[in-house]
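K.L.:
Residue numbers (our numbering), protein chains in the order written: chain A, 97 to 507; chain B, 97 to 507.
Bear in mind the hints are in silico, worked out from the structure with no lab data behind them.
Hints are supplied without guarantee of correctness; some may be wrong.
Each pair may be met inside one copy or between any two copies, as identical chains are not told apart.
[What the hints assert, rightly or not] Straight-line alpha carbon distances no greater than 25 Å define the calculated BS3-like cross-link-like pairs of lysine-lysine that follow: (1) 379 / 226; (2) 150 / 379; (3) 502 / 179; (4) 179 / 458; (5) 331 / 458; (6) 150 / 334.
Quantities reported herein were computed from a predicted structural model and do not represent experimental measurements.
Protein chains: 2
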Amino acid sequence: MSQLKGSCIIGQSGGPTSVINASAQGVIQTALNCPDITRVYGAAHGIKGVLEDKLYDMNQEDPAELDLLQYTPSSALGSCRYKLADPDVDDTDYRRILEIFRKYDVRYFFYNGGNDSMDTCNKISKYMQKVGYDCRIMGVPKTIDNDLFGTDHCPGYASAAKYIATSCMEVWQDAHVYDTGMVTIIEIMGRHAGWLAGAAALATWAGFGPDLVYLPEVDFDMDRFLADVTAIYEKTGKCMVAVSEGIHYADGTFVSEAKTSATDGFGHAQLGGLAVMLAETVKQRTGAKVRGIELSLLQRCGAHLASLTDISEAYLAGKTAVEAAVSGVTDKMVAFECTREGGYVCKPKLIGLTEVANVEKKVPREWINAAGNGVEQPFIDYALPLIQGEPSLPREHSLPRFAKLKKVLAK
Amino acid sequence: MSQLKGSCIIGQSGGPTSVINASAQGVIQTALNCPDITRVYGAAHGIKGVLEDKLYDMNQEDPAELDLLQYTPSSALGSCRYKLADPDVDDTDYRRILEIFRKYDVRYFFYNGGNDSMDTCNKISKYMQKVGYDCRIMGVPKTIDNDLFGTDHCPGYASAAKYIATSCMEVWQDAHVYDTGMVTIIEIMGRHAGWLAGAAALATWAGFGPDLVYLPEVDFDMDRFLADVTAIYEKTGKCMVAVSEGIHYADGTFVSEAKTSATDGFGHAQLGGLAVMLAETVKQRTGAKVRGIELSLLQRCGAHLASLTDISEAYLAGKTAVEAAVSGVTDKMVAFECTREGGYVCKPKLIGLTEVANVEKKVPREWINAAGNGVEQPFIDYALPLIQGEPSLPREHSLPRFAKLKKVLAK
């Protein structure tokens, strides 16, 4: 395996998470200590920063601030939702990326994101190979959605899951305070995979959580939903429901679709307003007092409830990517292989970017109950180890002390 | 001062908070250790539990579970929104309360709530005096709204304020991740007083928070609001706004009023949907990408972000109420007298229920900026000491371990 000396770029892409910066920290700190890596650049807003020649010189950052990245939610370098064209159709962006790579002698490129980002990573990797530019390209996974293929789980998922479970437990307490009827519907992120909505069941497992959980893996049926809710409401006077934003009817139409029409840069429908809509529907049917709560951005940036396991693994993913690249690996994403029997153990592994890109991993049907309104014990056994551990959060005046980067532009 | 021997009732009323159970714990544990108090009862769902003869025998609770109350959000005994009639018009409820007090030899009544609860407390106290039933009645304050008169602040406010400030800091990180335009509007509780919405400014003070904060103390003007937002958005490409649910036009109409028509038991309009409505209005005007986030119940039950100061003071309020009552005091609410110069000091004091009942304390106009879209430093100086300190939260499997009461009904 050949030694490759040059600078590196780390970019962050897609929706942020509570721990994506822990991965960035893993990349940056490992790269800064690596003799083969001459300079460490952070791309402003992911691949857009490369295209626009906006790179931050990470060597100029205060090490103490870099240490705070693991406790700072959202993408500290800035993110983007930018889809690269098919290079066979239009290679403009790729030629520009190559130009920038040459300008800064970039020999290592680390891209920190989800499905779409691994696709970006894969396309750049293939192009660089085609044009014979010697460069090692590694994907560092992140996504609260947990839908990346080929890995036990994704950094970012566990902290969002912990936020969701904890918030559901607290809302349960609040929603059960009066002796009058109440139906509470909590809307959770997750377009096509129900990993996040399923995490609400951790609250139920812990004693206080939703009676019903609806995942997008099972087609939604409004009549059955109303019957489910009504049965519990009539029996107990309360009903708490967790729904994934991505629940859809058998024909594929999102239940929330009528509510919004906006799409993001990848053409995904932007969902929202589902909880309120379902709550209103329940109200009309049952006459119950209802409340719709959307966890919205809070669930993906709630770093104060991050899982220490998640933070450590996110850092490990970044560190592993750099170490692997320097040792000669390219065109791979860091993934996790985990065992849970006899205590949770998580080990990093590497999988091909082509395998990962654009494939979505869903919750196995057998982990969802037959009625399609809750999860089974294997889901709990899967998710519970991931949310363990509380970080010692740096605070000032009892408020979070987030990293403050200088972001000096490279010349 | 005469010694009075007999049992006591603790009831909780109104909207729950993260620390109302710390006050209940303060009452219960102090009463359990008090020789003059023969038995400690918890009223199921506040005054309704008294009227319905549903009292829990707190002497039968596990002391270890009682210790967990301070970390358990919402009203563990159950709450209500029940308005007692004017006793001169209809004394049915009062005669029933007297009957129950006699049945259980109740000589101490502690009521844990906000404005309306202090009114309830006051009416019962006056009635008992009128009929010559020897009984000491004390109000224990709680309200996230912080609008109780005669006290520096209310237990419950600080923890909600800390939740709001922390969440705003996190959402700020998330809302600034893309290099595309974004207007984020966060809706915060508070019908008539802006203490909670003002707490969002703590986030700004800490470095990452809303650009604009609208409190109900200043009449809302939609045109000025849109001009405020547009000016910041055009300059920076982003704008983050915190609004109180209670913002209203000069004629008193709630800005959110068109959205809902439901009212609670006291005839208060139930507000909500404001953030989304304002976001849509901004979108129409500016074309910006917008997101409306309602903190909803999360802000009043987010015990995992409770202020240790708040927990301690809530407990102190309950303890002080019992100690004062046993020493001969009646017809008072526990309040706080605080100094902030040279370090924060908070001392309990007692004020007459008549003074407190149905008076709302608002944010002083001079603590709000002239433009009515932010708060001034005195607000920060007021609120910051209250949110200090992190409790050591009991957890099981990294999820909250809430108190589990047996709730054995008294016979």
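K.L.:
When the hints from earlier in the document are held up against this structure, which numbers fail?
P.N.:
1, 2, 3 and 5
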